[in-house]
Amino acid sequence: MLHAAYLMPLFPLAGFAVLAVFGRKIGNPLAGWLATGTVTASFAIALVTLAGMIGEPASHRSFVETLFTWIPVSALHVQVGFLIDPLSLVMVLFVTGVSAVIHWYSIGYMAHDEGYARFFVYLNLFVASMLILVMASNLVFTFVGWEGVGLCSYFLIAFWYDRPAAASAGKKAFIMNRVGDAGFLLAMFVLFNALHTLSIPAILAHLGDLSTGTATAAALLLFLAATGKSAQIPLFTWLPDAMEGPTPVSALIHAATMVTAGVYLMVRMSPLLHRATDVSEVIAIVGVATALVAATIASTQNDIKKVIAYSTVSQIGYMFLAVGVGAYTAAIFLMVAHAFYKSLLFLSAGSVIHGLHDEQDIKKMGGLRKFMPWTFAAFMAGWLAIAGVPPLSAFWAKGAVLVHAFSYDIGLWIVGAITAVFTAYYMGREFYIVFYGDERWRRLEVIKGDPHESPWVMRGPLVILSVLAAIGGLLDLPFHPHLDFLSSWLAPVVGSVSRHSSVGVGGEWALAITDSVLAVIGVTLAWRLWRVTADARHLEPAFLQRAWLVDETYDKIFARGGEALAGFLANVVEAKIIDGAVNGTASGLRWMGSGLRRIQTGYVRNYAIGIVLGLVAILAWMLVRAGV
Amino acid sequence: MTAEPFPFLTVIVLLPAIAAVVVAVVQKAPRWVAELASALASLAVLALAVTIAVQFRTHDAGYQMVSRHQWIPGLGISWALGVDGISLFLVVLTAVIFPLAMLGGKVRQRPASFLAWMLFLEAACIASFLSLDLILFFVAFEITLVPAYFLISGWGHERRGYAAIKFFLYTFVGSAFLLVGILALAFIHLHQTGHLTFDIVQLAHTHLSAVTGDLLFWAFTAAFAVKAPLFPLHTWSPDAYGEAPIAGSVVLAAILAKLGTYGIIRFDLTLFPRATVSMAPGILTLAVIGIIYGALVAAKSKDLKRLVAYSSLSHIGFIVLGLFALSAESLSGSVLQMINHGIIVAALFLLIGMIYERRGTWQIPKLRGLQRPAPILAAVFVVVVLAAVGLPGLNGFVGEFLILIGTFVTHRWWGVVAVAGVVLSAVYLLWAYQQVFHGKPDGENEHFHEMRWREGLLMVPLVGLIVFLGIYPKPVLDRIEPTVDALVAHVDAAAHTRHGPHTPCRERSVRCAGPKATTRNLALAPRSGVTPSARAQDSTHRDVIGTAATTGSGVGG
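In the order they appear, the protein sequences are chains C and D.
Mapped onto numbering that gives the first Met the number 0, the consecutive letters of the first sequence carry residue numbers 0 to 627.
Mapped onto numbering that gives the first Met the number 0, the consecutive letters of the second sequence carry residue numbers 0 to 556.
Since the hints were derived computationally from the structure, they do not count as laboratory data.
Using N, Cα and C, we set each Cβ at its ideal position, and we do this for glycine too.
Do not rely on the hints blindly, as some may be mistaken.
As the list claims (entries may be wrong) - Below are the EDC-like pairs computed for lysine to aspartate or glutamate, each with C-alpha atoms no more than 16 angstroms apart in a straight line:
hint, chain 1, residue 1, chain 2, residue 2
1, D, Lys-301, C, Glu-562
2, C, Lys-369, C, Asp-437
3, C, Lys-369, C, Glu-438
4, D, Lys-365, D, Glu-445
5, D, Lys-299, C, Glu-562
6, D, Lys-439, C, Asp-161
7, C, Lys-363, C, Asp-437
What the hints assert, rightly or not - Residues of chain D placed beyond 10 angstroms of chain C at every Cβ, according to the derived structure:
hint, residue
8, Phe-7
9, Ile-17
10, Trp-31
11, Leu-182
12, Leu-189
13, Leu-195
14, Arg-453
15, Leu-456
Looking at chain C on its own, in the form it has when it is part of the complex (with noise of 0.2 angstroms):
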């Protein structure tokens, strides 16, 4: 098996390296090609290295390699390392692959901006802090790449950093995500209180040493963190403002890979929460509850990357719904299927607005499949396969989600088909707004002239994105026990700690139906609704237009109410009191003083400079006496 791990992050690390200091010398097109290969070539040994796993028995498969050491005090040794195991390569493979693909469209998506080195000097080093944070051996190193990718991703929200909302967006994220971040550096110091270590196998080998409730505390600010990196309630208001940035970034950091870091975390942990008490039912609840919240909002939005954006983080609520049941396989697949068909809808979503010049808005489009005809089916490919309809790829992953669902609590399924229904429909309603109905860009006139198809160098990534989305599905089939592919490759991982579903062959496949017809409804509905008419503001109530008001609230209490605290300490707190009592001292003093003025010449300075002499003068008779 190949031990050459630390080469994964390493390529691409080195891309970013080169690209930012010759960047703009390598220039357009070369310097995306350079960080395209970079990448795939992680995904090249990633291959090598599964290849090497396969063919070693399911006990072999796991294994950690060390670089040195980056922190050694006293009992706190923190190794760069990476741990190699059936999760972090399942982790790998999709990061990589999916990372190349984006890469590639990124190509043509991006030629004409004039920070396209720039564009790539991010993205390699996104990359780079991705693969760390789900191969890193030690919490810590786990954290470099949690704290990298979100640095990635602000710089790239701010990539137009010359709009007011691109930075403002930027900065948004790095914050709320720096709240999560808080937990997750007081979960390491919970479990480094308890154990001495943090290193990760040494923590899973030694979970019985925890108390159940350092483990919950623990479990929950782990969580806390992962609310904050997969924007679930109460963090998720970041995301839909990160759409600001270039629609590729969206595909890949906030869709396919780093929004599921929390869902990652959580899975790799999950002996700890296994520990734990209730801190999976509170998981799975902020999943489904999530998942719902956010599919609510996204059948109303008009801007179409914000539509996607909530689908996202609707879809990473099903990924904690299906943690919280103790569904970590079925998490993980929807995770993979999930980075296939979300990157293919925002890439689709990216030629189009490419094809409009930076339009957004849905209502101005309208009848864009005569023009657009790759664009149009890759984006119907993505649809269908996020509604679930048979047998496309989440119809697998989230079928397996809500089957775990509905054997640990009904009221979970309940919720997550409702969720579901809304799923088909929203993106439905997207889909028809945008490519049927008017061509209302031309009485608006978005553009002068017809809309172009992109090119082919953003079309291949389409292609290949539509046909995973749609046969994502064969990862992990059902019926046979040969067939569950995913399963049986991460039973050593999470085995042991996984629920098993209760409800039976019969059962599944009358969900699997349930599910299908579901798909049927809100696919029905957005069809009936939409295809016509771009213009039904009855369906778009204001309530869940502005997001339930969310963010609003945390406006007002936070931002507001952070700045009236700042704003009174510094200007009464610090200037009033605590400067005041200083200078107050010193007036007093020199009003005391002033009786003797004519004694004295009342100028500071000048005892300034009487001291120094004195002080001078001390140390000549000190060196005086030194040579006697």
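Based on these hints, arrange chain D on the given structure of chain C.
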């Protein structure tokens, strides 16, 4: 003694002082004479500092390269210098920062006297870090005020007079307490042993009653808390940092502030371990308030220099937090963070100086969209800002993480609240960055000049250190840790001797310094750790401190 070792420490103190005198004497000569002389002198100091770091024995907790000479024998005052894991990198930091400050903060008027004051200040700072004699330390500590005062009042900005006097008087009042404390301690020691000395190694064995110890602790701490500065004694710092010339701001924030935190660890923890333990909760509270308060006030600052001053208050809060949390992790983190903060804040002020040079202002509202005309300067700025924010992979994270994890272990709730500082630092620094560098440049900002080669070369060592110490802090931590371990053991041992309410290990259970050292490489320590073995460990560590004196004098001859 035959082979007298080269007196590195005496030379590194005297060299910049002599150079300062030379530069001051040749004031009338052409400008380049003074510049060349000070450049050569400060580079020689840097070379010496690097040599000292190379010669330093890694696993030795005590003072090394000690040179001890009688100075005023009648008063028990000696010229005693020594370096250990705590002072080593502060000396290196001083030697790195001063040449950069002199190059980056060039002044137009009276350059020779400016450089002379800078060199003099460098000598005083190094002497403070190396001094093993309290009077020698006090003299050096006080003398730093003189060049600092003249640098602010001579080359500062509009309100320089006010700022300089405020700085001088504020810190001078603190020092008055320190002097009284030093004399009182020496006389108590004289009374007990019949031997008048100001040697800290010997004074560490003075027996102090709880009340006396507490009083002396406060006398020493007053001076250091002002210098650091610790909330609420900080209000001189925004004025001084804000009004000083760039070179002055750099050395004030990067080096002089460290005299305060260094004083705490060197004198409070060594001389008054019991008082340190009993006073810890109060000072930890002030440190945490400083972290949050500094960050919030920084968020409202309209002026880049004052913003950095308040961010320094917040970051110094972290350092003090680690010092008084009294665990090996937090103390090592604090010592490392003194270095990190010095590098980061120096880089920030140098960058702000570049902005000032071009735009004649550091008012945030007047700056806008600078990333477009100056992408390289923006990139360097962002790296430094991220280091200040504590992004893992850059140096600020390692120190902050060690401080917080060490604090959580011994003083949980202070650690928890301090984590909020991690979030807030991102808020005010990214907000400032956005206002200055993002958006569309307007007016004069459009013609903002990109970073020049000379300026870039100035930033290379700082950014290089930011990245290097972020990825590979091991060489530094390996040298800091033995000294810190010994110090933690010393403090714990002193706390054990008293059976009062302040037994630090009571709630910490297994996390005391002693058992930690024994279980260093084990993943798991038994939960019932603090027992006889811990005590034994403590006493061996105390011996390390005790024997340091003998080793030291042996080397020094």
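Pairwise hint evaluation, Asp-161 of chain C against Lys-439 of chain D, where the allowed Cα distance is 16 angstroms at most: holds, 5 angstroms
Given pair status - Glu-445 of chain D, Lys-365 of chain D, alpha carbons within 16 angstroms: holds, 12 angstroms
Given pair status - Asp-437 of chain C, Lys-363 of chain C, alpha carbons within 16 angstroms: Distance of about 10 angstroms is within 16 angstroms: holds.
Minimum Cβ distance from Ile-17 of chain D to chain C greater than 10 angstroms, as the annotation requires: holds, 14 angstroms
Leu-189 of chain D non-interfacial with respect to chain C [C-beta, more than 10 angstroms]: About 19 angstroms separates Leu-189 of chain D from the closest Cβ of chain C, which puts it past 10 angstroms; holds.
Given hint Asp-437 of chain C paired with Lys-369 of chain C - CA-CA distance at most 16 angstroms: holds, 12 angstroms
Whether Leu-195 of chain D stays farther than 10 angstroms from all C-beta atoms of chain C, as the label says: The claim stands: Leu-195 of chain D keeps its Cβ more than 10 angstroms from every Cβ of chain C (closest is about 15 angstroms).
Status of Arg-453 of chain D, Cβ more than 10 angstroms from any chain C Cβ: holds, 19 angstroms
Distal placement of Phe-7 of chain D relative to chain C, Cβ over 10 angstroms: With a cut-off of 10 angstroms, Phe-7 of chain D remains clear of chain C, as the shortest Cβ separation is near 21 angstroms.
Satisfaction of hint between Glu-562 of chain C and Lys-301 of chain D, Cα-Cα up to 16 angstroms: Given that 16 angstroms is the threshold and the Cα spacing comes to 13 angstroms, the pair holds.
Distance rule for Leu-182 of chain D, whose beta carbon must clear each one in chain C by more than 10 angstroms: At roughly 14 angstroms from the nearest Cβ of chain C, Leu-182 of chain D sits farther out than 10 angstroms, so the non-interface label holds.
Closest CB of chain C to the CB of Trp-31 of chain D still more than 10 angstroms away: holds, 30 angstroms
Going through the hint list in order, the structure satisfies each hint without exception.
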